[in-house]
Amino acid sequence: MSCQKMETRILAYVDGRLKEGERAEVDKHLAGCAACRLRVNEFRAVNELLDELPVIEPSGAFNARVHALVAAEPAKRRSWFAWLTPSPRIAFVASLLLVATVWLGSRQTPPPQIEPTDLPVVESTDYDVISSFAPLSDLSQTPDDDASDSDATSQQQQPQQM
Amino acid sequence: MTRSDVQLMLDVKAGDQQSFELLLQRYRTPLVNFLYRMVRSREQAEDLAQEVFLRVYRAREDYEPSAKFTTWLFRIATNLALNSLRDHRYQKLEISMDAPIVADAEGGDERMMEVADEHPDIEQHLVEEARKKMIRHAIEKLPEKQRAAVLLHKYQELDYSEISKILRCSESALKSLLFRAYETLRVELAPLVARAAK
Chain L
1 MSCQKMETRI
11 LAYVDGRLKE
21 GERAEVDKHL
31 AGCAACRLRV
41 NEFRAVNELL
51 DELPVIEPSG
61 AFNARVHALV
71 AAEPAKRRSW
81 FAWLTPSPRI
91 AFVASLLLVA
101 TVWLGSRQTP
111 PPQIEPTDLP
121 VVESTDYDVI
131 SSFAPLSDLS
141 QTPDDDASDS
151 DATSQQQQPQ
161 QM
Chain P
1 MTRSDVQLML
11 DVKAGDQQSF
21 ELLLQRYRTP
31 LVNFLYRMVR
41 SREQAEDLAQ
51 EVFLRVYRAR
61 EDYEPSAKFT
71 TWLFRIATNL
81 ALNSLRDHRY
91 QKLEISMDAP
101 IVADAEGGDE
111 RMMEVADEHP
121 DIEQHLVEEA
131 RKKMIRHAIE
141 KLPEKQRAAV
151 LLHKYQELDY
161 SEISKILRCS
171 ESALKSLLFR
181 AYETLRVELA
191 PLVARAAK
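Chains as they are written, first to last, in the numbering used here: chain L, 1 to 162; chain P, 1 to 198.
Looking at chain P on its own, in the form it has when it is part of the complex (with noise of 0.2 Å):
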């Protein structure tokens, strides 16, 4: 039987290692993935998410299950990304269009991808490749905050009052803010929604 996050972290505060281990399994994944989608580095994406298991791990021996793991989780998770983007908001990366650079494993950070002249289907894979890109960077230019609602609704698909807590904001407050992430998302992607809407 799977134990519950919840179990896994008590049994952690009572000292079982394993059970740290197995939250680290269950969570890594989707940790990075948020902490990507918000720094928009996947270095410093791990950086924060292994962060966020060290906090984790340090808070066992005062964790009560007041609250859902994974709110408790993703709010420790939004934290450090939120602190992260202001620490950084000067420091952003300028890389030319022009340097022929290797992708990561979705698409690439703002660089140029490189594909093997062996390609079969190369058109359509640039068009694929571009596509990507313009979903990404409509994210990435929504304002924090409803980046983060949009993550944590679309990808980890926490319900509202989970997602509230975390941005600690009221639902209704929350709701109007996933709207207006939507609405941005819709002008920024009209080419392809226009299509798919059809």
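The following block holds chain L by itself, in its conformation from the complex (with noise of 0.2 Å):
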């Protein structure tokens, strides 16, 4: 083991905190590193000056504040987007609702079948739609009869215009 190594592994060698090989590694390289020997004993003194440190207790007053803290909080405080989710009463009631739904929607009679001959014929006398167009046999002339269907049409219509 290298002493670089000796850097990732020191601490917990002092804190008894390697496994078993992990420290069979340490001590064999220590056996023969004044330098690294050196720090193992530093880092010990380190540690146990660390523990002259005194424990403070809180003060009388510290667990009577948690509890005023802790008494102004709501009963259950609820995430911003928390009403987006149903409450599982609401939701299995919505879904008996879907269900009843679609299955009354099931079975609703289909509407009556129209017979084509029970379809009432209108009759209008108000308005003579047929006479209106000009018979179907005239669409069979030609350009030229059509342009003088034209002529003749203008001067059907001239003596209306005038």
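It should be emphasised that the hints constitute simulated quantities derived from the structure, not laboratory data. Every residue, glycine too, gets a C-beta built ideally from N, C-alpha and C. Some hints here could point you the wrong way.
[To be verified] The following label-pair restraints were derived from C-beta to C-beta distances:
1. ARG195(P) / ALA64(L): 40 to 46 Å
2. GLU52(L) / LEU22(P): 26 to 32 Å
3. ASP15(L) / ASN79(P): 22 to 28 Å
4. LYS145(P) / HIS67(L): 30 to 36 Å
5. ALA24(L) / SER66(P): 34 to 40 Å
6. ARG195(P) / GLU73(L): 38 to 44 Å
7. ALA94(L) / ASP62(P): 23 to 29 Å
[Said to hold, decoys possible] No more than 25 Å apart at the CA atoms, straight line, and that leaves these computed lysine to any residue pairs for SDA-like:
8. LYS141(P) / LEU69(L)
9. LYS5(L) / GLU188(P)
10. LYS19(L) / LYS133(P)
11. LYS165(P) / ASN47(L)
12. LYS13(P) / ARG3(P)
13. LYS132(P) / MET6(L)
14. LYS145(P) / LEU69(L)
15. LYS5(L) / PRO143(P)
16. LYS13(P) / LEU69(L)
17. LYS165(P) / ALA12(L)
18. LYS132(P) / ARG44(L)
19. LYS133(P) / LEU69(L)
20. LYS141(P) / LYS19(L)
21. LYS5(L) / ARG147(P)
Each chain sits in its own coordinate frame; assemble them with the hints.
Encoded structure:
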């Protein structure tokens, strides 16, 4: 073991926290390294000096102040988004309602089929739609016919415009 | 039979206030001492320790025993202490060495000891106080993270894995941190160390 590797083990060695195998390795190194032996002794001394600091006791009012802080807390603190999470009861009732809605929807009778023959025939006497169009036979005329037709039409319309 | 910390915390979660009281009794002194050595003010240390307990109480609903209770507890305490030190970095108290102030239980917040004239062994007492003051100063001079590591390792006797989780570093980084801290202490306390190491 090198002196550098000792750096990561020296404190655990002083504390007695090393495993048996690691401890044996350190012991072996220390047997041949005076510098590390001195450092171990010095770290041990530092450790013992730290033990000299006394332990202080909290003041008499400490517990009372903690109790007061705790008493001032609301009974149950909920997070910002807690309202988004439904309670188990609400979730259960909502699930039941959903299932019931789907079930009732599936049981609904389909709308009655309407036969074409059942449809009423509307006969309008107010407006004669068919007679307002030109007869279909007119569509078979050539463009020239159309031009002559349009002339004829314009001739027919002229007197109306007058 | 003594209930474990985790069991007590689970009982607190279930609404048992008495278990919270037991945790308070169990950890109030270690927490106040740790925080006192971190922030160097007894009053501030108590305020922070109370805040730690309040946070533990507030977190009871969400508590899951995924780590050791002490790891969680001292992580809260360490974070509060480091934040407090950051906030008060520029408000360091400068108290005159001439001010005759009564010391607290650990020998005083940087203040002169007022020793009764009728003290039977006044010289010995002063030597001991000077020694403690030197040790306290050496710890205080450590960088904050090194100080936290030494306090958790030495006084709370937490293992390396716990401390590394509290300080959010690897175990090897923690060992290196502790080594550097002890090196600094060795130098700062050289007169005392030399005598003790002989």
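Any hints this thing doesn't respect? Which numbers, in order?
-> When the structure is compared with the hints, numbers 6, 8, 10, 13, 14, 19, 20 turn out to be violated.
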